[in-house]
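Given the coordinates of chain R, assemble chain L onto it according to the supplied hints.
In order, the protein sequences belong to chains R and L.
Start counting the first sequence at 1; every next residue gets the next number (our numbering).
Start counting the second sequence at 1; every next residue gets the next number (our numbering).
To be clear, the hints were calculated from the coordinates, so they are not data collected in a lab.
The beta carbon of each residue, even a glycine, is placed where N, CA and C say it ideally should be.
Don't take every hint at face value.
[As the list claims (entries may be wrong)] Among chain R residues calculated to face chain L with C-beta under 8 Å, some are: (1) Val7; (2) Asp29; (3) Ser134; (4) Tyr192; (5) Ala195; (6) Asn252; (7) Val254; (8) Thr255; (9) Glu256; (10) Tyr275.
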Amino acid sequence: MITYDRVRAEEKALQRACKDLGVEARLVDIKDAFIDITKGEVNPEVLKGDVVIQRCVGHYRSLYLTAIIESTGLPIINPFQTTLVCGDKLLTTLALRRAGVPTPKTLIAFTREGALKALEEVGYPAILKPVVGSWGRLVSLIKDVETAKVVIEHRELMYPLYQVFYVQEFVKKPGRDIRCFVVGDEAIAAIYRYAAPGEWRSNTALGGKAVKMEISDELRELSIKAAKAVGAHVVGVDCLESERGLLVHELNSVTEFRNAAPATGVDIAKKMVEYAISLAKK
Amino acid sequence: MKVKCPDCDGEINVPDDAIAGEIVSCPDCGQEYEVYFEGGQLKLKPAETVKEDWGE
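The shape of chain R in the complex, shown without the other chains (with noise of 0.2 Å):
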C-alpha cells in the first residue's frame, strides 16, 4: 500500500516499480479520508495491504497517519519515530550526536537574547533554520547582526515553533552538497546538489541541479551510519563537505528522487519497493 497526499513524480515511479515487481499497489490517498483510530482494528479497508510505503508530502499528515498505521501492527517505511526525528532538525541533531555521527556545530536558543547570543557564539555567518520545513523554507544565511535582529523579529510574529531558534555554523560548502539514498543497509545512490544561480541554498526544490556522484567509502559508511541513528527504512542524508570531513546536515524521512534517479541511472523506486517486500507481513 502506498499512502500519499499529492501524486508526484516519486509516487507514480513507485506505483510503475510495483507493476514491474509484479506486486500489487494500492495507492490510498488518505486526504480526505478519516480513520477511527478508538477500534481496536483500525479501519481495515482504508488500510489494508502487508506493507506500508508512506508518502505524504505534508510532514504532520506523514506523522500522525504513520503512528496510526504502526499501530495496527503493518510494517511501513519509515517507523514513527523515524518520522518524527527526521521531521525535526533539533531531534535529528541530537540523534546523529549520540551515534557518533559528525554534524555541523548546532547552537538552540528560545528567546531573541540567547538567539542573538547564540548566533555570536557561532559567528557570522551563520545559518538559521526553523527545526520543522523543508525545501529550505526559511533557511536564511545571517551575515551580521542586524539581519539578525530583523529575522529574529520576523520569527517572533509567528507560530511558537518559529522561536525555537535553532543555530548552525555556516560550512563554507564549494557550492554543492551531497544526497546519499540509503534502503535498508545499502547506500545505493548519491547526487551532488548544485545551488542554483543566484542561491546559496542547494535544494532542488529550489532549484538546485542534481549531478552524479561516485559513493566513497566515507559518504557510504556516514550515510549509513546516519540512517541507523534514526532507525530509518528508506532516508535521504544529507551532507556537507567541510575541512573536517563530510557533516551530516539532515535527514528525509519522506525522500524526493525525481532529479536524483535520472541523474545517476539507479531506479530508487524499485530499490525501495523490493525492500518494502522484503518487509511484508509473510
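Same frame as chain R, now just chain L:
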C-alpha cells in the same frame, strides 16, 4: 480525456490513467487542479497550495 477548466473554460488534458490526487494544470490560465472521483466520474477541484509543513 479533455475536461473544461472550471476557471477559464480552457481545455485541460487529463491522462486516461489518472488517479485520485493527481495534479493537472490548465494550459491557458495555469490554475492547478486535483483529480478526484465521485460516483465513478472524474472531477476536478482546485489543488491544495503548498503548506508550511510540506516537504521531504
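Would the hint on Asp29/R stand, with a C-beta cut-off of 8 Å toward chain L? holds, 4 Å
Let me know if the C-beta of Val254/R comes in closer than 8 Å to any C-beta of chain L, holds or violated. holds, 5 Å
Restraint: Tyr275/R near chain L, CB-CB cut 8 Å. Satisfied or not? Nearest chain L Cβ about 18 Å off; hint violated.
Proposed interface contact between Val7/R and chain L, which counts if any beta carbon pair is under 8 Å: holds, 4 Å
Would the hint on Asn252/R be counted as holding, given a Cβ-Cβ threshold of 8 Å to chain L? Cβ of Asn252/R sits 4 Å from chain L, so the hint holds.
Was the hint right that Thr255/R lines chain L, CB cutoff 8 Å? Cβ of Thr255/R sits 5 Å from chain L, so the hint holds.
Interface hint status, Tyr192/R versus chain L (Cβ within 8 Å): violated, 17 Å
Interface hint status, Ser134/R versus chain L (Cβ within 8 Å): Given a least distance of 2 Å, the restraint on Ser134/R holds.
Are Glu256/R and chain L close enough, Cβ to Cβ, to be under 8 Å, as the hint says? holds, 5 Å
Restraint check, 8 Å cut-off on beta carbons, for Ala195/R near chain L: Status violated, d = 17 Å.
Of the hints listed earlier, those the structure fails to meet are numbers 4, 5 and 10, in rising order.
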